[in-house]
Amino acid sequence: MKPRRILFVISHPPHRGALAFEMLDELLVGAVFEQQVSVLFIDEGVFQLVDGGETPGNVARGYRALPTYDVNDVFVDAGSLKQRGLAAESFAIPVRALSRTAVRKLVASHDVVIPD
Amino acid sequence: MNIAIAIHGDAATSESPRLALRFARAAVAKGHGIHRVFFYHAGVNLANSLIVQPQGEPDPAAEWATFATEHGIELTVCVAAALRRGVLGSEDAARYERAATNVSPPFQIVGLGQMVEAAITADRFVTFCA
Amino acid sequence: MATLHIVNASSERAALDNCLRVSSRGDAILLVGNGVYWAVESAFARIAKRAMGASCFALSADVAARGIAHLLTDQVQQIDDGAFVDLVESHHPIVSWS
Chain A
40 MKPRRILFVI
50 SHPPHRGALA
60 FEMLDELLVG
70 AVFEQQVSVL
80 FIDEGVFQLV
90 DGGETPGNVA
100 RGYRALPTYD
110 VNDVFVDAGS
120 LKQRGLAAES
130 FAIPVRALSR
140 TAVRKLVASH
150 DVVIPD
Chain B
239 MNIAIAIHGD
249 AATSESPRLA
259 LRFARAAVAK
269 GHGIHRVFFY
279 HAGVNLANSL
289 IVQPQGEPDP
299 AAEWATFATE
309 HGIELTVCVA
319 AALRRGVLGS
329 EDAARYERAA
339 TNVSPPFQIV
349 GLGQMVEAAI
359 TADRFVTFCA
Chain C
985 MATLHIVNAS
995 SERAALDNCL
1005 RVSSRGDAIL
1015 LVGNGVYWAV
1025 ESAFARIAKR
1035 AMGASCFALS
1045 ADVAARGIAH
1055 LLTDQVQQID
1065 DGAFVDLVES
1075 HHPIVSWS
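Heads up: the protein sequence lines correspond to chains A, B and C, in order.
Each residue of the first sequence is one higher than the last, beginning at 40 in the working numbering.
Each residue of the second sequence is one higher than the last, beginning at 239 in the working numbering.
Each residue of the third sequence is one higher than the last, beginning at 985 in the working numbering.
Honestly, the hints are just simulated from the structure, not real lab data.
Keep in mind that this is a model prediction, so the values were computed, not measured.
Among the clues, some could well be false.
Subject to a maximum C-alpha distance of 25 angstroms in a straight line, what follows is the list of computed DSS-like cross-link-like pairs (lysine-lysine) [unchecked claim]:
| id | chain 1 | residue 1 | chain 2 | residue 2 |
| --- | --- | --- | --- | --- |
| 1 | A | K121 | A | K144 |
| 2 | C | K1033 | A | K121 |
| 3 | A | K41 | A | K144 |
| 4 | C | K1033 | A | K144 |
The shape of chain A in the complex, shown without the other chains (with noise of 0.2 angstroms):
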């Protein structure tokens, strides 16, 4: 059966309880059920990639293990980062910055979405 085209959406900060930690897991079993899993973040979900050092909470650490599980479609929201101050490659794992154009086509072309 071809993998499905799975993109995780995360749009919510870190810090929020369990939820982000949630969210990571999903994108990861989706991972080992070798689908072709992608995510994107965008609005206050870039913060989920920004270091907090080692505080409980920190999911960016989380986010490291994405190469390893071969999740390496990700993809930031360019717009989202210029409002921060954020710059792409002070991340811990490689994105791709896309433009808001970009980002439509990157939606439109998956099978399913999950939002955080």
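Once you have looked at the hints, place chains B and C on chain A.
Structure of chains B and C alone, referenced to chain A:
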């Protein structure tokens, strides 16, 4: 059409369980199938059989249970999310030495893999956010 | 197929904001639950321009439950739950925003 439904909110703080049920009823009425309902995040609280709804107030958990039983629909609850929120089947209550178990059929405790399976198999995957 | 966006949040502005950023021309936007408050004329006016390329809908049961049918803009079409199902059938993927 075979539809998978994810519910992220619970009855006490969200419309999502009731919205999802209305959608599911309408889908079945039109002859579509519900592949699976997957309760995640706070949605797992629908499976907590200790919850008592005041008389005269809606009881989405009971309504889901009736609907699912009538139509043979799987109501699946993510184990990790459930443990965090004190929703325990008998296996987990024993494993973690908790005083009670509070999940009853038709709700089933399952792994996240069931959500992925639904996402892979169904024609449509619809999420009802908290 | 065009995408269906489901918005179930009113005061969390970000939900509709993100939906509008990500939706393409020809997509459908469905307001459900408290999301139907965005269909109130004064609220919709603030986002109408950005929503221009999409077809906007609101669940009539949720509008009626909130007693706001008389406040709604005519740019948002009220639909019943059956039509919601039809929207899901005729769109792909389905994206939910909160």
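Do the hints match the structure? See the list:
1. A:K121 x A:K144: This hinted pair holds, its Cα atoms lying about 20 angstroms apart.
2. C:K1033 x A:K121: 23 angstroms, holds
3. A:K41 x A:K144: 21 angstroms, holds
4. C:K1033 x A:K144: It holds: about 21 angstroms lies between the C-alpha atoms, which stays within 25 angstroms.
Violated hints for the displayed structure: none, as all numbered hints are satisfied.
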